[in-house]
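Add chain B to chain A, keeping to what the hints say.
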Amino acid sequence: MGELTLIATPQSSYCARIQWTLKLKGVEYEFIEEDLLNKSPLLLESNPAYKKFPTILHEGKPLAESLIILEYIDQVWKHYPLLPHDPSDKAIARSSAKFADEKLIVEVWEAFKSEGEKKEKAIKAAVESLATVDKQIEGKKCFGGERIGYLDLVYGWLAHWLNVMEEVGGMKLLDKESFPSLHQ
Amino acid sequence: MADDQVVLLDVLPSSFGMRVRIALAEKWIQYEYKEENLLEKSPLLLQMNPVHKMVPVLIHNGKPICESLNILLYIDEVWPHRKFRPLLPSDPYQRSQVRLWADFIDKKLLEGVLGDKLYYGGEKLGLLDVAFIPFYCWFYSYETCGGFSVEAECPKSVEWVRRCKDVESVSKSLVDPLFVFDYVLQLRKRAGLE
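Those protein sequences? They're chains A and B, same order as listed.
When the letters of the first sequence are read in order and numbered with my numbering, they come out as residues 1 to 184.
When the letters of the second sequence are read in order and numbered with my numbering, they come out as residues 1 to 194.
Hints in this document: simulated from the structure, not taken from any laboratory.
Worth double-checking, as some hints may not be accurate.
[Claimed, not checked] 27 Å max Cα-Cα, derived BS3-like pairs, lysine-lysine:
#1 B/Lys27 <-> B/Lys63
#2 B/Lys27 <-> B/Lys189
#3 A/Lys61 <-> B/Lys124
#4 B/Lys41 <-> A/Lys124
#5 B/Lys53 <-> A/Lys90
One chain only, chain A, in its complex shape:
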């Protein structure tokens, strides 16, 4: 299936998504760790429009943006499909992923790093967004139903990083009573 390289920083949740995806699919790849402060010439050459992480190189061809990479991997390595098969379910999943990346992550970060009134507002916004996410997973084991799918990979960072961010940022966004489904 060709040589695959992942250029990323291990701390980033976007990079983690790709790593989890590749693990689920059982794909071998080479991992090149990048330093955010010292971007290597290889990265800049392969990702001129974005100069961001993660970037993958498949058979020498570069791709950026974690969601786009996720779908690409899903299309090339077809076993263990991640996205739903039905086009309208797929569209709903993509919408949800966009929401996660453009709204939820931004709100949580804002709640994390701001102070005072700004923080209060940000917390409120984040909690509201989390409520909509909670609804999506209601009654199910994972977003994908019985097994891990696209949205679980997209929202996976919640399980990992949210606790830490809450503690360090001094805020409580996710607790067992408010969001029982999500907590699991």
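Quick look at chain B alone, frame taken from chain A:
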């Protein structure tokens, strides 16, 4: 597919809505158009897009699809062979590239990608052309309100616009720039700028 029920919730001047209208026209898909009033959103819109409450929304057999690029992808997946060829290339790598650029366009306008090609899709209209061309209707408004000339800044784009307008599905779906300008003036008045 003969029993398909397709409804589009939209506002005429919306560039994002226009993308969808062009794609539907390209694929010869029959649909019902419902004009929304953004200041008084219909119960249908609120029900179909409760999170963002925005247009365009495509409703296919009762199921809502939101976000213009998402809708374009959906249309291409459900009706791939209408008019002989899909909007997106079939090779996964090329598809990803197209989607990357489409996302990028939504964040910034871009001149360089076109290069010497006839359309962003190569020889024929593709997803990027459909995504980008509706903004042409707003050029007049940008120019008049912003005080600059698109032709002077992006001559290649203007040529490309002319080629796109030659395609029937595009010329039928694009809104008159003066109509858009009127709409913009109304918005500005309401915002207290005029």
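Practice problem: Would you mind confirming whether the straight-line C-alpha gap from lysine 41 of chain B to lysine 124 of chain A stays at or under 27 Å? | Solution: The hint holds at about 25 Å.
Quiz item: Holds or violated: are the alpha carbons of lysine 27 of chain B and lysine 63 of chain B at most 27 Å from each other?
Solution: holds, 19 Å
Quiz item: Given the proposed pairing of lysine 61 of chain A with lysine 124 of chain B, does the C-alpha separation stay at or below 27 Å?
Solution: holds, 24 Å
Practice problem: Sort out whether lysine 90 of chain A lies within 27 Å of lysine 53 of chain B, counting only the CA atoms. | Solution: At roughly 20 Å apart (the allowed maximum being 27 Å), lysine 90 of chain A and lysine 53 of chain B satisfy the hint.
Quiz prompt | Agreement of lysine 27 of chain B and lysine 189 of chain B with the hint, judged by alpha carbon distance not exceeding 27 Å | solution = Distance ~38 Å between lysine 27 of chain B and lysine 189 of chain B Cα, so the pair is violated.
In this structure, only the earlier hint numbered 2 is contradicted, and the remaining ones agree with it.
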